[in-house]
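Quick mapping for you: the protein sequence lines, in order, are chains A and B. Every position in the first sequence, counted from 1, becomes a number in this note's numbering once 3 is added. Every position in the second sequence, counted from 1, becomes a number in this note's numbering once 2 is added.
Read the hints as simulated data drawn from the structure, not as lab findings. These numbers were taken from a predicted model, which means no experiment stands behind them. All C-beta atoms, glycine included, are put in the ideal place defined by N, C-alpha and C. A hint or two may mislead.
[As the list claims (entries may be wrong)] Ranges between beta-carbon positions, derived for each pair: (1) B:V8 / A:L208: 18 to 24 Å; (2) B:N45 / A:V204: 36 to 42 Å; (3) B:S72 / A:L208: 27 to 33 Å; (4) A:G49 / B:D21: 52 to 58 Å; (5) B:R92 / A:G34: 47 to 53 Å; (6) A:L104 / B:N94: 44 to 50 Å; (7) B:N94 / A:G49: 21 to 27 Å; (8) A:S26 / B:D89: 46 to 52 Å.
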Amino acid sequence: MIATEELIKGLAAQAPRRPGSGSIRLAAGIGMGALLAFVALALLLGWPLASVPYTGVPAFTMKLAFAIAMTAAGALLLFAAGRPGRQVHNRLAWLLVPPVLVAGAAVVELAITAPQFRSELWFGSTWATCLLAIVGFSLPVLGGITWAFKRLAPTNLELAGFLAGITSGSAAAVAYAFYCPETTATFLLSWYTAGILLAGVIGSLAGPRLLRW
Amino acid sequence: MSSVEVRLKVLMFAALSGDQAAYEQLLYAAAARLRNYFARRLNPGAGDVEDLVQETLLAIHQRRDSYDPSVPFTAWLHAIARYKLVDHFRRNGVRAHVSLDDTDELVAADSLAPALAEIDVERLLAELPRRQRQAVELTRIEGYSVAEAAVLSGQSASGIKVGVHRALKRLRTKVKSE
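Between the sequences and the hints, there should be enough to build the whole structure, so can you do that?
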């Protein structure tokens, strides 16, 4: 059992690290995980933009923008959650902004659609695939985040895990948006959000195990 | 910001940029604060305190990238110490609740809500002669032992003891007269 003084001298002698490398590392972890998800989707479902001529560019853009916005919000909160002393709780509401905007569009959609066709807006034809893809492909991103978090210090493991899950699900949704054949805001609101939320729950359960230090 | 907080932040920046001497000083300062923090919350004599101090030092070293400059250094240190303490209790099967408010030893005076007492302390310390103020700051605020304070300040050990004694006497008189 070495003396604390020796420990301090030993630590001080080790190589310095670049300030700011924490955020770069987290971005790299998320990016690599998302890339993995993208490659896996390409192998499974083929050419990424094949569905765009079918859905139209506006619908594609809406889905992609939503997923990117959720990933950005999630990543910012996640990074703060890994830095002791930073407040996260007061900014969790950021995560609600993209869904609320989409909800606005969904309400309009539902309002202008005859009741007997509304369930088509909700379920589309691929809701199960969508859910499975977002949750399933959030896992490699979660892996990338776990790697990045070896240099960070989350003091609330459930919250950090939840945010890691949200960010992972959102990044997976970014990849999946290139393949999704659906066109309605209602579908987007229901299934993308559900998938991201489910990934968040998985993250909050796994957090204490994956992120503990 | 108090001089304590400024000094620690400067040391942290220097350390993150590769200044080994600054890093060493910072770790000593952190160790002293951590020792106080854990000693008050663990059973005495169990030998856990120094273990936890070392474990926490290792953790802040490995995870120094998690330091955010917009947060006071002592707040960062406290959050990590609290996490380690809770983890220690969890591993040892103790169901203890560690309040978020138990910041007294670790957090520098200025980062708490500005209670009148803290402001007075800063002012009173500022009125002391330099050597006495240094002696009090090092031993009573930063928690160094007399020997450590002597090394850090360049004063002799007896000089530190006398300085602290005189400073406290002076402060006591001042407070009584106000």
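Hints versus structure:
For B:V8 and A:L208, the hinted distance range of 18 to 24 Å is not satisfied, since their beta carbons lie about 42 Å from each other. Here the CB-CB span from B:N45 to A:V204 is close to 38 Å, well matched to the stated 36 to 42 Å. Checked against the hint of 27 to 33 Å, the C-beta distance between B:S72 and A:L208 comes to roughly 31 Å, which is consistent with it. Range check, A:G49 to B:D21: Cβ separation about 54 Å, and the 52 to 58 Å hint holds.
Between B:R92 and A:G34 the CB atoms are about 33 Å apart, so this pair departs from the stated range of 47 to 53 Å. At about 48 Å, the beta-carbon gap between A:L104 and B:N94 stays in the expected band of 44 to 50 Å. A hinted range of 21 to 27 Å for the beta carbons of B:N94 and A:G49 is inconsistent with their spacing of about 54 Å. Judged by the Cβ atoms, the range 46 to 52 Å given for A:S26 and B:D89 is violated: they are separated by roughly 25 Å.
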